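Undergrad: The whole structure should be built from the sequences, with the hints applied where relevant.
2 protein chains.
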Amino acid sequence: MNEGAAQLIEQASRTLGPKAVITDPRDIEPWISDWRGRIHGASPALLAPSSTEEVVEIVKLAAEHRVPLVPQGGNTGMSAGATPPADGSAILLSMRRMNRIRSIDAEDHLAIAEAGVVLATLHEAAHEIGMRFPLTLGARGSCTIGGLTSTNAGGTQVLKFGTMRALVAGVEAVLPDGSIHNGLSGLKKDNRGYSIDQLLIGAEGTLGVVTAVALRLVPAIAARAVAWAGVESPMRALDLLRFLEVRTHSIEGFEIVPRDSLELVLKHVPGTRPPLSAEHAWHALIEATTPDDDVDVSGELERLLGLALEQGILGDAVIASSEAQAEAFWKIRDSISEAERAEGQTLAHDISVAVPEMPRFVVDAKEQIERAFPGVIASGFGHLGDGNIHFHVRAGGHAAPDWYDAEGAQITRFVDDLVTAAGGSISAEHGIGQLKRAEFARLAEPGRVHALRAIKHALDPLGIMNPGKLVP
Amino acid sequence: MNEGAAQLIEQASRTLGPKAVITDPRDIEPWISDWRGRIHGASPALLAPSSTEEVVEIVKLAAEHRVPLVPQGGNTGMSAGATPPADGSAILLSMRRMNRIRSIDAEDHLAIAEAGVVLATLHEAAHEIGMRFPLTLGARGSCTIGGLTSTNAGGTQVLKFGTMRALVAGVEAVLPDGSIHNGLSGLKKDNRGYSIDQLLIGAEGTLGVVTAVALRLVPAIAARAVAWAGVESPMRALDLLRFLEVRTHSIEGFEIVPRDSLELVLKHVPGTRPPLSAEHAWHALIEATTPDDDVDVSGELERLLGLALEQGILGDAVIASSEAQAEAFWKIRDSISEAERAEGQTLAHDISVAVPEMPRFVVDAKEQIERAFPGVIASGFGHLGDGNIHFHVRAGGHAAPDWYDAEGAQITRFVDDLVTAAGGSISAEHGIGQLKRAEFARLAEPGRVHALRAIKHALDPLGIMNPGKLVP
Chain D
161 MNEGAAQLIE
171 QASRTLGPKA
181 VITDPRDIEP
191 WISDWRGRIH
201 GASPALLAPS
211 STEEVVEIVK
221 LAAEHRVPLV
231 PQGGNTGMSA
241 GATPPADGSA
251 ILLSMRRMNR
261 IRSIDAEDHL
271 AIAEAGVVLA
281 TLHEAAHEIG
291 MRFPLTLGAR
301 GSCTIGGLTS
311 TNAGGTQVLK
321 FGTMRALVAG
331 VEAVLPDGSI
341 HNGLSGLKKD
351 NRGYSIDQLL
361 IGAEGTLGVV
371 TAVALRLVPA
381 IAARAVAWAG
391 VESPMRALDL
401 LRFLEVRTHS
411 IEGFEIVPRD
421 SLELVLKHVP
431 GTRPPLSAEH
441 AWHALIEATT
451 PDDDVDVSGE
461 LERLLGLALE
471 QGILGDAVIA
481 SSEAQAEAFW
491 KIRDSISEAE
501 RAEGQTLAHD
511 ISVAVPEMPR
521 FVVDAKEQIE
531 RAFPGVIASG
541 FGHLGDGNIH
551 FHVRAGGHAA
561 PDWYDAEGAQ
571 ITRFVDDLVT
581 AAGGSISAEH
591 GIGQLKRAEF
601 ARLAEPGRVH
611 ALRAIKHALD
621 PLGIMNPGKL
631 VP
Chain B
161 MNEGAAQLIE
171 QASRTLGPKA
181 VITDPRDIEP
191 WISDWRGRIH
201 GASPALLAPS
211 STEEVVEIVK
221 LAAEHRVPLV
231 PQGGNTGMSA
241 GATPPADGSA
251 ILLSMRRMNR
261 IRSIDAEDHL
271 AIAEAGVVLA
281 TLHEAAHEIG
291 MRFPLTLGAR
301 GSCTIGGLTS
311 TNAGGTQVLK
321 FGTMRALVAG
331 VEAVLPDGSI
341 HNGLSGLKKD
351 NRGYSIDQLL
361 IGAEGTLGVV
371 TAVALRLVPA
381 IAARAVAWAG
391 VESPMRALDL
401 LRFLEVRTHS
411 IEGFEIVPRD
421 SLELVLKHVP
431 GTRPPLSAEH
441 AWHALIEATT
451 PDDDVDVSGE
461 LERLLGLALE
471 QGILGDAVIA
481 SSEAQAEAFW
491 KIRDSISEAE
501 RAEGQTLAHD
511 ISVAVPEMPR
521 FVVDAKEQIE
531 RAFPGVIASG
541 FGHLGDGNIH
551 FHVRAGGHAA
561 PDWYDAEGAQ
571 ITRFVDDLVT
581 AAGGSISAEH
591 GIGQLKRAEF
601 ARLAEPGRVH
611 ALRAIKHALD
621 PLGIMNPGKL
631 VP
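Heads up: the sequence lines are chains D and B, in that order.
Taking the working numbering, the leading residue of the first sequence gets 161, the next gets one more, and so forth.
Taking the working numbering, the leading residue of the second sequence gets 161, the next gets one more, and so forth.
Where hints are given, some of them may not hold.
Copies of the same chain look alike in the list, so a pair counts if it fits in one copy or across any two.
Below, in silico cross-link-like pairs of lysine to any residue (SDA-like), each with a Cα-Cα straight-line distance of 25 angstroms or less [unchecked claim]:
{"id": "1", "residue 1": "Lys320", "residue 2": "Asp268"}
{"id": "2", "residue 1": "Lys320", "residue 2": "Arg402"}
{"id": "3", "residue 1": "Lys491", "residue 2": "Glu439"}
{"id": "4", "residue 1": "Lys320", "residue 2": "His287"}
{"id": "5", "residue 1": "Lys526", "residue 2": "Ser345"}
{"id": "6", "residue 1": "Lys220", "residue 2": "Pro606"}
{"id": "7", "residue 1": "Lys320", "residue 2": "Arg384"}
{"id": "8", "residue 1": "Lys491", "residue 2": "Arg257"}
{"id": "9", "residue 1": "Lys220", "residue 2": "Gly607"}
{"id": "10", "residue 1": "Lys220", "residue 2": "Glu170"}
{"id": "11", "residue 1": "Lys526", "residue 2": "Glu405"}
{"id": "12", "residue 1": "Lys526", "residue 2": "Ser393"}
{"id": "13", "residue 1": "Lys320", "residue 2": "Glu267"}
None of these hints come from the bench; they were simulated from the model.
What you are looking at is a predicted structure, and each value in this text was computed from that prediction instead of being measured.
TA: In structure tokens:
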């Protein structure tokens, strides 16, 4: 351990108390690898402050001793943005003890949650007052509000409610100079200069430590309807989404699933069964909700899907007849990654292009990749309505255990080049972190790289905030 | 004229042609004072590029010769953010020739408009395809998309649709280093580092020149209903808004008007008449709209106001029986500032506090100001649902023509102190510009001032982008 880190730990132990300073390697160990187990870091200590003031203390010590901090929430990130470097030069800053919901108000449609509040906990708190925090994703039982904010997380309801950027009403954070940025005022309108809130959203902890967040709530769901439709192509899936969107405001989830992904789930995930009797090349999983007790959302969706069937937009469709069946439909969608892993090595790409371009992109990119890398199987699934697809490439015929390492980087570059040529993003929702940094550096416009570096250096001249992440 | 400016003008004339370089003082004169006529600047030239590439040229020349640029749209700003300094050291950069709507698409709910497109022009273009750009304000016939974006403009429909920040899907801008930031991809999800788009929104041209903007459209209005209600206090007005909001999603405007403001309008603005027969201490102007042909928004609003009347929330209410009457109600609201000017000297303050705090703030602040400055009349009106009130102080008994200059700054400091103590903003929607810069510097937290200066210096180290504005 370097001397600065030792001094920081010693001083922090004195001022913050033993609960906030963890140095036993067995207690640190669960938090130093990213959750997919790809990147392994090291840290001499895990600091766990319980208040914003304690975070200020820690940031000031980090600046004094020039020791970098790596803020971490639930450690569920997909790009290793919260994993410390392997040389042990940085200290983990766990926000999990800051887990109070400071306030929650149905009239104001606002909750103020500390960074360490788990998403599912916020969901429950909102539910208890007849409201809802609409953003949700697979890791909801572990991921935290601070992490979701710092990564501008998305999930499955972005179509209607947007990403965290649309749902964050304000951010409280400790900036690298130890000052507190307080954006929790609840002001709906405030034009006093550059938005520090917006700069911190998606900054992956490189510009400061998010300590609390004001979040917008929406009315609770009175009823939902979940449908599974068979369509012949991603183009038809987009036609179906457009068809629904001009006729109802209730669609909040619209995911596409290719036959190949469905088959993998049916093969590997116990208890799953095909929603439709006939085979279809593509499927759309549709969720419609309403906050109004007197709207028959299920009847409306059934009528619209019937109309779409008549017009030849879809091949067949079924509406879940119970909550259990609705959950079963969603389970298929949520199990695709798991099923792929069971099948063999998989390369994941979280990409976006403009919504109207996505159907063609999914089809074209699959063809091109499978031609360029014979034997692999490419498959895109996910948030069609957001122009965001999880574009996965599987080993397919390649049984060699080193396929991933041997050909993976090359395939990823190929995918990223296709996305960039289509004007898209190589990181739609998972952020840059460590894993995508090299590709980001390779593909970003020089002006953008310059601007990001300039902002980073301006606000964190000592480089103490999550160095080695995000900024190319 | 300094030598750098002369060289810049000479080079620009050669590369951009005579249409883009205006040096006749008579042609420059209309654009060098702010539209309220308070601040008078000077400039040796007005550059009017017609393309993003020409803006790049100009920015590079400005950097080469160290000559500041002052970007300007419709010159309708309220804080003199687009007015050049009086010493003639800066050059006006008019964006009005960049006035193409590059694309507009009903299916995608997206328009791409160049910076110089006038808001009313965009409204019409959206209307022609059955869509709507929902942000609107008094200056809609002159203000431009670039200016609206650079000031994060608000207006009267923020309650439902948000400010420009919520309606901008992406920004194209020329950064101070001459690079083009292209955020017009139309990506709904993109997590590649800090949001430059968000940084440019509300930056008042101090970080770059906005050249085009991707804007979100919403479905056109099928029907609207406008009502005028008499209530006994701002608290009751907020009660009424809450009452309506939990029962309908159709409310998109909710403005409060005190009796005193109504009386001034009736006195000074020809053709206006009181909407209700009896007198009320306060009024709410309510606009409800629906994009659905089969929703009877007028009937719904009438029923809800009837219910609110029964419950004693309001004293009386009337729904406009025609478009002409609806316009007449809005004319009262929109004429308040004009009526005040006709009455005498008026100090305007565009402030916000958290929505639940605003009713008490309006009442308490009026009392305190009128006690501290005997003879003046304080009055708050406007966007109650956004926590944003235009808090105006009139000369009242002070007939002296120098009242404004003599006591104005003192009163403004008093108001700003009250707002700051209440956790509010001294600029809810008008920005900082030149006019509020001293007050912003006086009241902002040091950490915030530091962050803003650091960002400004990082992205514009030569200080060529609208210096002397916004950043304290």
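Undergrad: Could you run down the list of hints and mark each one as holding or not?
TA: Results for each hint:
Proximity of Lys320 and Asp268 under a CA criterion of 25 angstroms is satisfied in both settings, with 20 angstroms inside one chain copy and 14 angstroms between copies. In this homomeric assembly, Lys320 and Arg402 come within 25 angstroms of each other (Cα to Cα) both inside a single copy, at 13 angstroms, and across copies, at 23 angstroms. Taking the shortest alpha-carbon separations for Lys491 and Glu439, only the intra-copy value of 19 angstroms comes in at or below 25 angstroms, while the best inter-copy value is 61 angstroms. For the homomeric pair Lys320 and His287, the shortest alpha-carbon distances inside one copy (19 angstroms) and between copies (23 angstroms) are both at most 25 angstroms.
Taking the shortest Cα distances, Lys526 and Ser345 sit within 25 angstroms of each other only across copies (22 angstroms), while inside one copy they are farther apart (48 angstroms). In this homomeric assembly, Lys220 and Pro606 come within 25 angstroms of each other (Cα to Cα) only across copies, at 16 angstroms, whereas the closest approach inside a single copy is 33 angstroms. Proximity of Lys320 and Arg384 under a CA criterion of 25 angstroms is satisfied in both settings, with 14 angstroms inside one chain copy and 24 angstroms between copies. Proximity of Lys491 and Arg257 under a CA criterion of 25 angstroms is satisfied in neither setting, with 31 angstroms inside one chain copy and 54 angstroms between copies.
When the C-alpha separation of Lys220 and Gly607 is checked against a cutoff of 25 angstroms, the pair qualifies only between copies, where the shortest distance is 14 angstroms, while the shortest distance within a copy is 32 angstroms. Only within a single protomer do Lys220 and Glu170 lie at most 25 angstroms apart by alpha-carbon distance; the minimum there is 14 angstroms, versus 52 angstroms between protomers. Proximity of Lys526 to Glu405 under the C-alpha cut-off of 25 angstroms is found in neither arrangement, the shortest distances being 28 angstroms within a copy and 47 angstroms between copies. Taking CA atoms no more than 25 angstroms apart as the test, Lys526 paired with Ser393 passes inside one copy only; the shortest distance there is 13 angstroms, against 63 angstroms between copies.
In this assembly of identical chains, Lys320 and Glu267 lie within 25 angstroms of each other by CA distance both inside one copy and across copies; the values are 21 angstroms within and 15 angstroms between.
Of the numbered hints stated above, those contradicted by the structure are hints 8 and 11, listed in ascending order.
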